[in-house]
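The sequence shown: position 245 = 297 (our numbering), numbered continuously.
Treat each hint with caution, since some may be false.
[What the hints assert, rightly or not] Straight-line Cα separation of at most 30 Å, DSSO-like style, residue types lysine-lysine; simulated pairs:
(1) Lys331 x Lys215
(2) Lys300 x Lys210
(3) Lys135 x Lys172
(4) Lys215 x Lys253
(5) Lys226 x Lys215
(6) Lys68 x Lys226
(7) Lys325 x Lys335
(8) Lys135 x Lys68
(9) Lys175 x Lys325
(10) Lys215 x Lys135
(11) Lys253 x Lys335
(12) Lys226 x Lys135
(13) Lys210 x Lys253
(14) Lys226 x Lys335
(15) Lys215 x Lys73
(16) Lys210 x Lys331
(17) Lys335 x Lys300
(18) Lys325 x Lys253
For the record, the hints were derived by calculation from the structure and aren't laboratory data.
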Amino acid sequence: MCSFHLASTVPGMPIKASADKLAREMHEYGNPPDFLLKTTPNKLQKLRRVVIHQLCRVSSRERSQDPYEWLYYFPPLAVEDLKAYGLGCDWRRSFVTTDVNPFFDAFVRWQMRKLKSMGKIVKDRRYTIFSPLDGQPCADHDRATGEGVQPQEYTLIKMEVVKPFPEAGPLEGKRVFLAAATLRPETMYGQTNAWVLPDGKYGAYEINETDVFILTERDDLIGLPLRSPLAVNEIIYALPMLTILTNKGTGIVTSVPSDAPDDYMALHDLSAKPALRAKFGVKDEWVPPEIVPIINIPSLEIRLPRRSAWI
């Protein structure tokens, strides 16, 4: 026997995500769907939402694409199952934990206001994972995959463009930088160059009265001489890389070939393929002749290839 009341917890995002998925499947396959049910219950996690409803004996007429209707349809079924299971419970005070229940909503609002007046909670900003599709934050329990994933913190590497730089125009008299986002700032001692996307679209952003982060358009960036804070070489160059994602980071990428295989292979291709250099107008002197090691182990002799070994 259970003398306590039992409430129906209805976390918003999982229910909305399920309803949205059902809506997509009903639009694609119809209602009832025109695909055959060929599976077993132990494969439910891989099933389409429509099939799950079929196995739960939810008729096509009862399927709803509105997440709010789920709050009224499924809790009574859960109560029936619990009663059939033999649970003795005080159902008189059963309720739904969402703002659809005005009494529960009023209680939560009072609780938050009370805690705030006591100085126990504050309203502030924090980094979180955001769902562009739903237009709101997406917490761990809201995601089908990726539980435990946290926002990543990038470090911007300010690489100053060596004057005179071409097509400056209104940027004359200002310090101009290419800003690269990296998760591994401790490896910048081994930086040999920077990568840009040849057909990417970039812009210029005024940070303060004297500094500008410039990200120009397309191949105008290729060959720009740069000074990077921790690089061994006094001057490094912006070189083309075809695999840069402009929707992640800044579209400018640092190159540490002694630490990153992608950097190593891209630099190897530029060094070993004259036609590739000619295609993007890359001069031979822009491609670094040697890789810069970032780890020194006295008991281990490290051999890094020279450019002459690549060609």
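Here is how each hint holds up against the structure:
1. Lys331 x Lys215: Given that 30 Å is the threshold and the Cα spacing comes to 25 Å, the pair holds.
2. Lys300 x Lys210: Holds, at about 17 Å.
3. Lys135 x Lys172: Since the Cα atoms of Lys135 and Lys172 sit roughly 40 Å apart, the hinted pair is violated (cutoff 30 Å).
4. Lys215 x Lys253: 22 Å, holds
5. Lys226 x Lys215: The given pair, whose Cα atoms are some 10 Å apart, holds under the 30 Å limit.
6. Lys68 x Lys226: 50 Å, violated
7. Lys325 x Lys335: 12 Å, holds
8. Lys135 x Lys68: 27 Å, holds
9. Lys175 x Lys325: Violated, because 57 Å separates the two Cα atoms, which is more than 30 Å.
10. Lys215 x Lys135: 79 Å, violated
11. Lys253 x Lys335: 23 Å, holds
12. Lys226 x Lys135: 75 Å, violated
13. Lys210 x Lys253: 19 Å, holds
14. Lys226 x Lys335: 27 Å, holds
15. Lys215 x Lys73: 54 Å, violated
16. Lys210 x Lys331: 28 Å, holds
17. Lys335 x Lys300: 28 Å, holds
18. Lys325 x Lys253: It holds: about 26 Å lies between the C-alpha atoms, which stays within 30 Å.
Violated hints for the displayed structure, listed by number in ascending order: 3, 6, 9, 10, 12, 15.
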